[in-house]
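Whole structure, please, built from the sequences with the hints as guidance.
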Amino acid sequence: MSEQSSGASDAFLVRMDGVEKVYRRGSGEVHVLADLKLEVRQGEFLALMGPSGSGKSTLLNLIGGLDRPTKGSVAVGSQRIEQLTDHKLAAWRARHVGFVFQLYNLLPVLTAERNVELPLLLTNLSKAERRKHVATALSMVGLTHRTRHYPPQLSGGEQQRVGIARAIVTDPTLLLCDEPTGDLDRRSGDEILNLLQGLNREQGKTIVMVTHDPHASARATRTVYLDKGQLSNEPIT
Amino acid sequence: MKFLPLIWANLRRKKLRTLLTLLSILVAFLLFGYLCAIKQALNAGVSIAGADRLVVRHKVSLIQSLPETYKARMEKIPGIALATHLTWFGGIYQDPRNFFAQMPVVPEEFLAMYPEFILSPEAKKRWLETRTGAIVGRKSAERFGWKVGDRVPIRSTIWARKGGSHVWEFDIAGIFDGREKAVDTTPLYFRHDYFEEGRAFGSGQVGWYLIRVKDPAQSAEIAGKVDEEFANSPAETKTETEGAFVQAFAKQVGDIALITAAILGAVFFTILLVAGNTMTQSVRERTGELGALKAIGFTNRRVLALVLAESCLLAGLGGALGLGLATVLISRGDPTGSLLPTFHLPARDLLTGCVFVLGLGLATGALPALQAMRVSVADALRRM
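Line order of the protein sequences matches chains A and B. In terms of numbering that gives the first Met the number 0, the first sequence opens at residue 0 and continues consecutively. In terms of numbering that gives the first Met the number 0, the second sequence opens at residue 0 and continues consecutively.
Please note: incorrect hints may appear among the correct ones.
Capping the alpha-carbon separation at 20 Å, the derived lysine to any residue pairs in SDA-like fashion look like this [to be verified]:
id, chain 1, residue 1, chain 2, residue 2
1, B, K224, B, A80
2, B, K1, A, R129
3, A, K126, B, W7
4, B, K1, A, E128
5, B, K14, A, Q152
6, B, K146, B, I117
7, B, K70, B, E235
8, B, K224, B, L81
9, A, K227, A, R23
10, A, K70, B, A377
11, B, K161, B, V151
12, A, K87, B, R301
13, B, K14, A, Y149
14, B, K1, A, S125
15, A, K131, B, P4
By construction, these hints were calculated from the structure, which means they are not laboratory data. Treat the numbers as computed from the prediction; the structure is a model and nothing was measured.
Shown next, in the form of structure tokens:
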């Protein structure tokens, strides 16, 4: 395990224990994760590395409640999320998790500010309050001058910043980033990593980031490696 | 309301596709409006026909006349409150294209028989005092620019006058309106005594009778008694309710309700496919985006509602434009000139149209909405 100094507390925000994930493909079964245990401290910036198909995204989906484990428990804070119904899980995600995707997953028909506003539509905030939150989130990612632009009018790096603004606009406890720099050039990638690092250090956000890139994982406070469904603290050779 | 910009933005995603679908829905509801108005015009008499009125005509056909003496015999039949007669005049005003109905009647009996006609007491008085007097419906009066006091010549295609002329002159004594929109205000009614005195042939004969029964529940029984009264005579009768008579008359064109239903069925089935295909394609194209929405906390039910709202908005816009345009165009009046005198779009049909709009929206959105609801977040995100 490689560790840097961090503002992480001793309290665990994420606890996964005995997690298995099996996919059924036709008549066969694919074991993606097996008896996996993972703990992420509050305020930690964890990088999750591993070869393609190793189950990194599946693991991230399980932490974020986008998928359910075949076996085992996933607790985020005091909530055992694998026990929640789909409806409650969606509401839980809206309150506690922000997602950053490799391909940004923005709605091309909405402007940057409308995209950032989307998670706030699920709250009881007034229009004025929503606008205020959106403006704050966009200023945090340095995009106040591009609020009325549509995603196709923005560069990759700018789109990812909008994605990050959307992820943080509800002030979630946990940020889950799936290859956030995977589709960007080095310079834009660095800007995104700076942003994530800042959110971790200055805002105390707990971040779990899936990446292939050692340069990206170097920004994290801890890196774990996933291969053949098992976690390891050492790089896979 | 806060989701409206999102729903609207999704509709604007493929502008041309949305526009074409919108136009097809618009045309469908425009057609719906017109067919309803035509059906209404052809069946207008049925909807306003009095339940207590019976029509007595010659058993062979409506063209055959009946003796005027039948009136007195009918009034002796128990259960009949009033009897009066009408005759088809078949007149033309100036141009054969100016077709409208004219009939000689006995004014007091006629007005008592038809309380749905509104005529001022002054007009009624004038009519009773003027032998050549006639009352005309508001629509024809406006169409031909007739005013009370005008003398109008009408050429009958059937009835010659003594002396050989077919041209009859009438003094407009009054203009009547209908109590309901469905009341036909195109005919002209003139006095039977003037007609009887002036016609060259057919004296003592009338076209058909209208009778009012005291108890509508006994209509069938009284109709039987009337026909029995004139059985085995040179002019046997066929008596039926006014509604059945008008319906039979309208059915000479065809089964209007069936024709309308068949056309509308075909149109709406096609629209269902067109709009349904648009929505299905539109949702399939953005499965990844739906995954992103679900990831950030949109529940399955909310996604279902968003897609349904989108299809309902599309159907609503197209339907509102179609029904609105139909209302405007139909309000301009009978497009045939005179064949559909009560041509209008009834509020009931407008309401039915609104229900169809909602139904279309829900039906076209149901399948894609269910697909959007069921897709798992992880699967959807992979399709971005």
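_Run the distance test for K227 of chain A versus R23 of chain A: straight-line Cα separation, threshold 20 Å._
holds (17 Å)
Q.
Next pair to validate is K14 of chain B with Y149 of chain A; report whether the Cα-Cα distance is within 20 Å.
A. holds (16 Å)
Can the restraint linking K224 of chain B and A80 of chain B be considered satisfied, given a maximum Cα separation of 20 Å?
Satisfied, since the Cα-Cα distance of roughly 14 Å is no more than 20 Å.
Would the pair K224 of chain B and L81 of chain B pass a check requiring their Cα atoms to be no farther apart than 20 Å? OK: K224 of chain B and L81 of chain B at ~15 Å, within 20 Å.
message: Just to be careful, I want the Cα atoms of K1 of chain B and R129 of chain A compared with a cutoff of 20 Å; is the pair within it?
response: holds (11 Å)
Query raised in the report: Is the hinted pair K126 of chain A and W7 of chain B satisfied, with a Cα-Cα distance of at most 20 Å?
Result: holds (17 Å)
message: With the threshold set at 20 Å, check whether the alpha-carbon distance from K87 of chain A to R301 of chain B stays at or below it.
response: It holds: about 13 Å lies between the C-alpha atoms, which stays within 20 Å.
Discussion item. Hint check: K161 of chain B vs V151 of chain B, CA-CA at most 20 Å. Holds or violated?
Written reply: With Cα atoms ~19 Å apart, K161 of chain B and V151 of chain B stay inside 20 Å; holds.
Would the hint linking K131 of chain A and P4 of chain B be met if the CA-CA limit is 20 Å?
holds (18 Å)
Next on the checklist: Tell me if the straight-line CA distance from K146 of chain B to I117 of chain B falls inside 20 Å.
Outcome noted: holds (16 Å)
CA of K14 of chain B to CA of Q152 of chain A, is that 20 Å or under? With a Cα-Cα distance of about 18 Å, the restraint between K14 of chain B and Q152 of chain A holds, given a limit of 20 Å.
### Query
Are K1 of chain B and E128 of chain A close enough, with their CA atoms no more than 20 Å apart?
holds (13 Å)
Every hint from the earlier list agrees with this structure, and none is contradicted.
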